[in-house]
Each structure stands twice: as structure tokens, then as C-alpha cells.
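Turn these sequences into a full structure, and let the hints guide you.
If you use the numbering used here, the sequence shown corresponds to residues 57 to 156, in order.
In short, the hints are calculated from the structure, not lab data. Ideal Cβ placement from N, Cα and C applies to all residues, glycine included. Some clues are possibly wrong.
As the list claims (entries may be wrong) - List time: in silico SDA-like cross-link candidates among lysine to any residue, alpha-carbon distance up to 20 angstroms:
| no. | residue 1 | residue 2 |
| --- | --- | --- |
| 1 | K154 | F138 |
| 2 | K154 | D135 |
| 3 | K154 | N130 |
| 4 | K111 | E99 |
| 5 | K66 | E87 |
| 6 | K66 | K111 |
| 7 | K111 | S78 |
| 8 | K154 | E144 |
| 9 | K126 | R96 |
| 10 | K126 | Y74 |
| 11 | K111 | Y74 |
| 12 | K111 | A90 |
To be verified - Derived CB-CB ranges, DEER-like:
| no. | residue 1 | residue 2 | range |
| --- | --- | --- | --- |
| 13 | Y74 | T106 | 17 to 25 angstroms |
| 14 | A91 | D135 | 29 to 37 angstroms |
| 15 | D82 | N130 | 25 to 33 angstroms |
| 16 | D82 | L153 | 44 to 52 angstroms |
| 17 | Y74 | D150 | 51 to 59 angstroms |
| 18 | H125 | A102 | 18 to 26 angstroms |
| 19 | N130 | G81 | 40 to 48 angstroms |
| 20 | A117 | A143 | 33 to 41 angstroms |
| 21 | I120 | N71 | 13 to 21 angstroms |
| 22 | S142 | A102 | 44 to 52 angstroms |
| 23 | R156 | D82 | 29 to 37 angstroms |
| 24 | I114 | R141 | 38 to 46 angstroms |
| 25 | Q133 | T73 | 38 to 46 angstroms |
| 26 | N71 | R131 | 42 to 50 angstroms |
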Amino acid sequence: METTPAQTVKVEIYNQTYNIRSNDGDTEYIERLAAFVDTRMREIAAGSLTVDSLKVAILAALHIADELHKLRENRDQLDHQFATRSAECADLLDQLLKNR
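Next up, the structure:
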């Protein structure tokens, strides 16, 4: 099995340049992530009074973490609903097969 060699991609986030290593070689994914973080930081900076890039980065990280946790909670709820409905369907099928 061949492994993709690690590649380094240069990205800019909030006017700072970073060289990020991509272990799987998917540099486009790294670029999309960097663009997402850059956009979020610029949104935060536009809506706040601070110009300190570290504070903007922390606030952006908190917003991204909040979004991640809400999505995980939603996924967990959907997984639970799916499991419940699957069990109900299995019970109905069992009842139908027993009545044959």
C-alpha cells in the first residue's frame, strides 16, 4: 500500500503566513480550512473593538468550538432517533413475520 508523502502548504490567516504540513497530501483541504479560519477571524474582528490578533483568534476558536459542539449534539440526537425508529421497524417486522 502506497502512502502519500507529506506536503507543506503555505496559507495566510489573518495577515499571517503559516507553513502547514499535510500528512495525507490534501493541500486543498488545508487551504479550505485556513480560509474558513481566516473568514471567521475577520468576522469576529469586524464585530468587536479589539485589534489584538490573539484575542480575535481565541474568540474565533470559541465560535468554531461552539458550532462543532452544537453539530455533535444534533448528530447524537439524530443517531438516537434513528436507533429508536430502527428498533421500532424491527419489532414491526418481527410481529408481521410471526403472524404469517
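Evaluation of the provided hints:
1. The hinted pair formed by K154 and F138 fails the criterion: a straight-line CA distance of about 24 angstroms is larger than 20 angstroms.
2. In summary, the hint linking K154 to D135 is not supported, as the alpha carbons are separated by about 28 angstroms, beyond the 20 angstroms threshold.
3. For the proposed pair K154 and N130, the alpha carbon gap of about 36 angstroms is over 20 angstroms, so the pair is violated.
4. At roughly 13 angstroms between alpha-carbon atoms, K111 and E99 fall within 20 angstroms of each other, so this suggested pair holds.
5. With a C-alpha separation of about 8 angstroms, the suggested pairing of K66 with E87 holds against the 20 angstroms cut-off.
6. Straight-line distance between C-alpha atoms of K66 and K111 comes to about 23 angstroms, which puts the hinted pair past the 20 angstroms bound.
7. This hinted pair does not check out: K111 and S78 have alpha carbons roughly 27 angstroms apart, beyond 20 angstroms.
8. In summary, the hint linking K154 to E144 is supported, as the alpha carbons are separated by about 15 angstroms, within the 20 angstroms threshold.
9. Distance check on the hinted pair: K126 and R96 sit about 17 angstroms apart at the alpha-carbon level, within 20 angstroms; holds.
10. Between K126 and Y74 the alpha-carbon distance is near 29 angstroms, which puts this suggested pair outside the 20 angstroms criterion.
11. Taking the CA atoms of K111 and Y74, the gap is about 18 angstroms. The hint holds against a cut of 20 angstroms.
12. For the hint linking K111 to A90, the alpha-carbon distance of about 18 angstroms falls within 20 angstroms, and the restraint holds.
13. Distance hint check for Y74 and T106: the Cβ-Cβ separation is about 21 angstroms, which falls inside the suggested range of 17 to 25 angstroms.
14. Distance hint check for A91 and D135: the Cβ-Cβ separation is about 30 angstroms, which falls inside the suggested range of 29 to 37 angstroms.
15. Taking 25 to 33 angstroms as the suggested C-beta distance range, the pair D82 and N130 conforms, at roughly 26 angstroms.
16. Between D82 and L153 the beta carbon distance is about 47 angstroms. The supplied range of 44 to 52 angstroms therefore holds.
17. The hinted range of 51 to 59 angstroms is satisfied by Y74 and D150, whose Cβ atoms lie roughly 57 angstroms apart.
18. The hinted range of 18 to 26 angstroms is satisfied by H125 and A102, whose Cβ atoms lie roughly 24 angstroms apart.
19. Taking 40 to 48 angstroms as the suggested C-beta distance range, the pair N130 and G81 does not conform, at roughly 31 angstroms.
20. One distance hint, 33 to 41 angstroms for the beta-carbon pair A117 and A143, holds here, with the actual separation near 39 angstroms.
21. One distance hint, 13 to 21 angstroms for the beta-carbon pair I120 and N71, holds here, with the actual separation near 19 angstroms.
22. At about 45 angstroms, the CB distance of S142 to A102 agrees with the hint of 44 to 52 angstroms.
23. The hint said 29 to 37 angstroms for the Cβ distance between R156 and D82, and at roughly 52 angstroms that hint is violated.
24. At about 41 angstroms, the CB distance of I114 to R141 agrees with the hint of 38 to 46 angstroms.
25. In this structure, Q133 and T73 meet the distance hint of 38 to 46 angstroms, their C-beta atoms being roughly 40 angstroms apart.
26. For N71 paired with R131, a C-beta distance near 34 angstroms fails the hint of 42 to 50 angstroms.
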